[in-house]
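Mind docking chains B, C and D on chain A? Use the hints.
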Amino acid sequence: MIRVQEEPFDPAAETASLALRSGNAGAVATFIGIVRGANEEAAVTRLHLDHYPGFTESVIGRMAAEAEARFPLLALAVVHRYGDLGPGEPIVFVGAAAEHRRAALEAVDYLMDRLKTEAPFWKREDGPTGFRWIEPREADHADRARWTSEGSEDARD
Amino acid sequence: MIRVQEEPFDPAAETASLALRSGNAGAVATFIGIVRGANEEAAVTRLHLDHYPGFTESVIGRMAAEAEARFPLLALAVVHRYGDLGPGEPIVFVGAAAEHRRAALEAVDYLMDRLKTEAPFWKREDGPTGFRWIEPREADHADRARWTSEGSEDARD
Amino acid sequence: MASVRLLYFGYLADAAGTRGGSVDLPAHIGDTDQLLDWLEPSLAEELRRPSVRIVINNEIKAGTVPIHPGDEIGFIPPMSGG
Amino acid sequence: MASVRLLYFGYLADAAGTRGGSVDLPAHIGDTDQLLDWLEPSLAEELRRPSVRIVINNEIKAGTVPIHPGDEIGFIPPMSGG
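Chain order of the listed sequences is A, B, C and D.
Final position of the first sequence in the numbering used here is 157; the numbers increase by one with none missing.
Final position of the second sequence in the numbering used here is 157; the numbers increase by one with none missing.
Final position of the third sequence in the numbering used here is 82; the numbers increase by one with none missing.
Final position of the fourth sequence in the numbering used here is 82; the numbers increase by one with none missing.
In isolation and in its complexed conformation, chain A is listed as follows (with noise of 0.2 Å):
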């Protein structure tokens, strides 16, 4: 289940909806990235989210297509809003749920990382001083290279 939105969406109701899609799960993770009210020091007032309404959509397809051909899964959830959000409002929901535990966390790992460098979102800080937009951080990069050292078949150009 993928959905990219601008409304605003309940962490605890996804994760309760994905629980319910599970079946014989015994294991359910999941994240919740939200927007900070501050980042490097800077006060962030407003987070703007551009996005490209279908590659988007598709891109994260894919990278969930791969998680479910990687993990064995049960069940996959990614929600993630585009538009103007506001501190403490929730940006994404992974979640992850299978018969152990490791596929599930891993999964929600991998998906994280991947959303972080590869998804046809850009964000833009507003604060008190003006706007600027952000990029990947290194560390970014650092955990999504975590994931090809294992094989190629994710690898992109």
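These are computed hints drawn from the structure, not numbers from a lab.
Check before you lean on any hint, since a few could be wrong.
[Claimed, not checked] Computed Cβ-Cβ distance ranges for the label pairs, DEER-style: (1) A:Glu66 x D:Thr18: 52 to 58 Å; (2) B:Gly23 x D:His28: 57 to 63 Å; (3) C:Val23 x B:Ala13: 50 to 56 Å; (4) B:Met1 x A:Pro87: 19 to 25 Å; (5) B:Met1 x D:Ala44: 37 to 43 Å.
Just so it is clear, CB atoms sit at the ideal spot from N, CA and C, and this is done for glycine as well.
For chains B, C and D alone, coordinates are given in the frame of chain A:
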């Protein structure tokens, strides 16, 4: 926040409560362990969890403190049930909030590995043909061992 | 004369002063390199940065690629979701 | 004569036929090894398995350790939460 309880709990409510307590968190990771209706092909109609009142809470409290020392967390929650549980019921909730996602995800992973091998609970699976006490799987010990290569502060006798 | 849709995302929309739209290209423009030569030079300079990718009809492309009438051509800065 | 609490968990409670309780120990019993010698031999055999741990007053102990009046002594099989 640590709770060891016989009563059912709502993972969605625990997620919401953790997020509320987490201040400037940009990342909330959670794990929910659920009773499965079958384990290695054998039907499970009920899971009985024995625990050691006082000692169980104390051991989990130490694990949580070690997770907080190891990872930069803003909030942490562990909820664990004991008593009789049916298939589909949540057994355990672990949630961690942090500024960045790696700390939150790793803290949850770490705590689950430690709970699986070192938390004072004993599980009995009851099925149509009788019951059996179960012990940690080899995979659980291997998962646990991942966290000791970096240091020995939490290596146990 | 081929009509295509040009789209700009993130800071590139600020640089272009528009999020894009339909444009009619002169007949001699047959690939992305010729398209960039035809655009406003200061915008083209931004779009030629190595970190900028070109997306044609929802596929990321590398290098110079042919353009066809009706194509949707997106210019995107480094992506960062989550 | 020292009174202690003995507690059995998991399959050990099945083996002991009880979850435990207060017992009065003969005066000569001063450590866990002497305690095991004093218990029912078939139960003691279960409790002496290398996988069984002894918890005294909420601390896991290794090897033979002294026992004091009022101690709570738990016998536990391998633990498995989550």
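For each hint, the structure was consulted:
Between A:Glu66 and D:Thr18 the beta carbon distance is about 54 Å. The supplied range of 52 to 58 Å therefore holds. Roughly 59 Å separates the CB atoms of B:Gly23 and D:His28, a value that falls within the hinted 57 to 63 Å. For the pair C:Val23 and B:Ala13, the supplied restraint of 50 to 56 Å holds, since their beta-carbon distance comes to about 53 Å. Between B:Met1 and A:Pro87, the C-beta spacing of about 23 Å keeps the proposed range 19 to 25 Å intact.
A hinted range of 37 to 43 Å holds for the C-beta pair B:Met1 and D:Ala44, which are about 41 Å apart.
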